[in-house]
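The listed protein sequences correspond, in order, to chains A and B. Position one of the first sequence corresponds to residue 2 (our numbering), numbered consecutively onward. Position one of the second sequence corresponds to residue 2 (our numbering), numbered consecutively onward.
Please keep in mind that the hints were generated in silico from the structure rather than gathered at the bench. Possibly wrong hints are sitting among the right ones.
The list makes no distinction among identical chains, and a pair is therefore deemed to hold if it is satisfied within one copy or across any two copies.
As a list, the in silico DSBU-like pairs of lysine-lysine whose alpha-carbon atoms are at most 35 Å apart [what the hints assert, rightly or not]: (1) Lys172 <-> Lys231; (2) Lys86 <-> Lys143; (3) Lys143 <-> Lys66; (4) Lys231 <-> Lys66; (5) Lys66 <-> Lys213; (6) Lys231 <-> Lys83; (7) Lys38 <-> Lys213; (8) Lys231 <-> Lys38.
There are 2 protein chains.
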Amino acid sequence: MRNLLITIKYDGTRYHGWQVQNNAVTVQQVFQDAVEKVFGSRLDVKGCSRTDSGVHANMYSLTLKTDMQITCEGIVMALNTKLPKDIAVLSCRDVDDDFHPRYSCVSKEYVYKLYNGAIRDPFCENYALHYRFPVDAEYLNKEAQAFVGTHDFCGFCSSKSDVEDTVRTVKSFSVWRQNDFVYFKVEADGFLYNMVRIMVGTLLFVAQGKIKQGELPDIINSKDRRRAGKTAAPQGLYLNRVNYKAGDSE
Amino acid sequence: MRNLLITIKYDGTRYHGWQVQNNAVTVQQVFQDAVEKVFGSRLDVKGCSRTDSGVHANMYSLTLKTDMQITCEGIVMALNTKLPKDIAVLSCRDVDDDFHPRYSCVSKEYVYKLYNGAIRDPFCENYALHYRFPVDAEYLNKEAQAFVGTHDFCGFCSSKSDVEDTVRTVKSFSVWRQNDFVYFKVEADGFLYNMVRIMVGTLLFVAQGKIKQGELPDIINSKDRRRAGKTAAPQGLYLNRVNYKAGDSE
């Protein structure tokens with residue numbers, strides 16, 4: 002049985018996240034429909050993570066098992082023909098039988114995009130958070146270094162989550178400005194539910210002075226969700242990269 | 002009576018162009034609805050040009066006449082509150098009574114965006130033409146200089162047009178690459194119906210070798226629509242700037 006690692010890119014605007022749901026269109030469901038058309042049967046598609054409604058992916062990985070001897074290049078082309086225009090297959094390759102897109106993952110990287118212009122940009126409504134107030138990206142970048150390292154991110158997790166171990170290791174966090182856009186990029190060994198969006202919302206409190214310079218480590222240590230910021234809107238969030246150990250790397 | 006020059010930006014994806022039509026949603030109609038909500042009555046809105054279905058505008062100018070003594074800043078804010086998210090008012094100022102957004106115009110600038118990656122980009126489906134074949138932007142830029150100057154662009158005009166004078170002066174034409182994107186920018190004193198899209202389609206014939214090096218001047222002079230290229234898809238086209246004479250300039 003072949004185990005195929007496939008990477009896709011999608012505009013999450015019209016989807017209720019990745020995972021199959023009743024009565025809602027999701028990326029997984031639409032992808033499985035395309036797989037069924039190409040492979041002739043309903044194959045089990047395993048994803049690297051759930052994503053929320055409206056969240057995008059520059060790179061999302063998934064696996065599926067098949068006996069069909071079709072080239073990887075042929076699979077990419079065939080799936081792209083069957084998928085809607087807001088989902089594209091980027092690559093496909095055979096991996097070991099025990100490879101799992103979620104559990105074999107070494108780290109993930111997310112990017113959050115903020116549009117910081119005075120007047121809304123019609124082209125960014127679904128692709129960035131419009132935030133009108135002044136943002137000093139350099140200052141936020143310095144303060145955001147408090148997230149780096151191994152911490153209990155219990156306070157940066159939606160209450161909807163039922164994960165027991167809330168300790169994660171953030172490998173890097175950077176904030177920078179490019180014209181009217183401010184970007185937040187974070188890489189970690191794993192993320193709790195809504196963790197990136199809460200970290201961004203917390204940094205916006207830092208930008209507004211609601212959280213003082215040097216106060217972030219204390220807020221992280223408090224493990225108190227109420228001391229962190231709001232959950233930033235989903236449309237600014239992009240799963241940017243999923244990393245596997247050398248050899249498994251996409 | 003005040004004559005207000007207003008500039009807007011819009012994502013044309015869901016609109017059947019600018020001009021009011023029966024049984025189709027247009028930017029003008031939606032804009033006039035917002036104006037009615039803000040000014041309390043249906044005012045005549047004059048636009049700088051028609052645009053086609055799916056065509057976008059980074060800057061579009063229009064005028065409306067009113068007696069209401071509301072500040073320009075207040076008008077921008079109020080209209081943005083009433084407009085849908087895919088249309089934004091950028092600026093507003095008082096101009097002379099005889100100023101007309103179309104007839105007072107000295108030149109317009111369009112940008113055409115081409116996505117030249119091998120696999121479709123889900124984020125560009127409505128915002129660029131996906132063109133898979135190799136494009137040498139530098140070569141196209143050289144060949145495109147044939148468009149610059151005063152020519153009869155009769156062959157670069159849709160047959161639907163009923164304009165009598167088809168002579169236009171192209172002030173500049175440039176083609177350049179930025180990563181996987183190729184941009185075409187053209188400024189002229191005026192444009193015939195579909196002129197930019199036909200010029201871009203013709204340059205794609207140049208890219209494919211269907212039109213030979215140095216052949217463009219001959220094709221322009223032939224005034225034969227059949228010798229020019231196809232009309233490039235609307236979603237790559239952006240009205241980028243509308244220029245008025247000094248003093249009237251936006």
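We went through each hint and held it up to the structure:
Taking the shortest alpha-carbon separations for Lys172 and Lys231, only the intra-copy value of 23 Å comes in at or below 35 Å, while the best inter-copy value is 50 Å. Taking the shortest alpha-carbon separations for Lys86 and Lys143, only the inter-copy value of 33 Å comes in at or below 35 Å, while the best intra-copy value is 39 Å. Proximity of Lys143 to Lys66 under the C-alpha cut-off of 35 Å is found in neither arrangement, the shortest distances being 45 Å within a copy and 50 Å between copies. Proximity of Lys231 and Lys66 under a CA criterion of 35 Å is satisfied in neither setting, with 40 Å inside one chain copy and 43 Å between copies.
Neither within a single protomer nor between protomers do Lys66 and Lys213 lie at most 35 Å apart by alpha-carbon distance, with minima of 51 Å and 49 Å respectively. Within a single copy, Lys231 and Lys83 get their C-alpha atoms only as close as 39 Å, which misses the 35 Å cut-off; across copies the closest is 27 Å, which meets it. Neither within a single protomer nor between protomers do Lys38 and Lys213 lie at most 35 Å apart by alpha-carbon distance, with minima of 55 Å and 42 Å respectively. Within a single copy, Lys231 and Lys38 get their C-alpha atoms only as close as 42 Å, which misses the 35 Å cut-off; across copies the closest is 33 Å, which meets it.
Of the hints listed earlier, those the structure fails to meet are numbers 3, 4, 5 and 7, in rising order.
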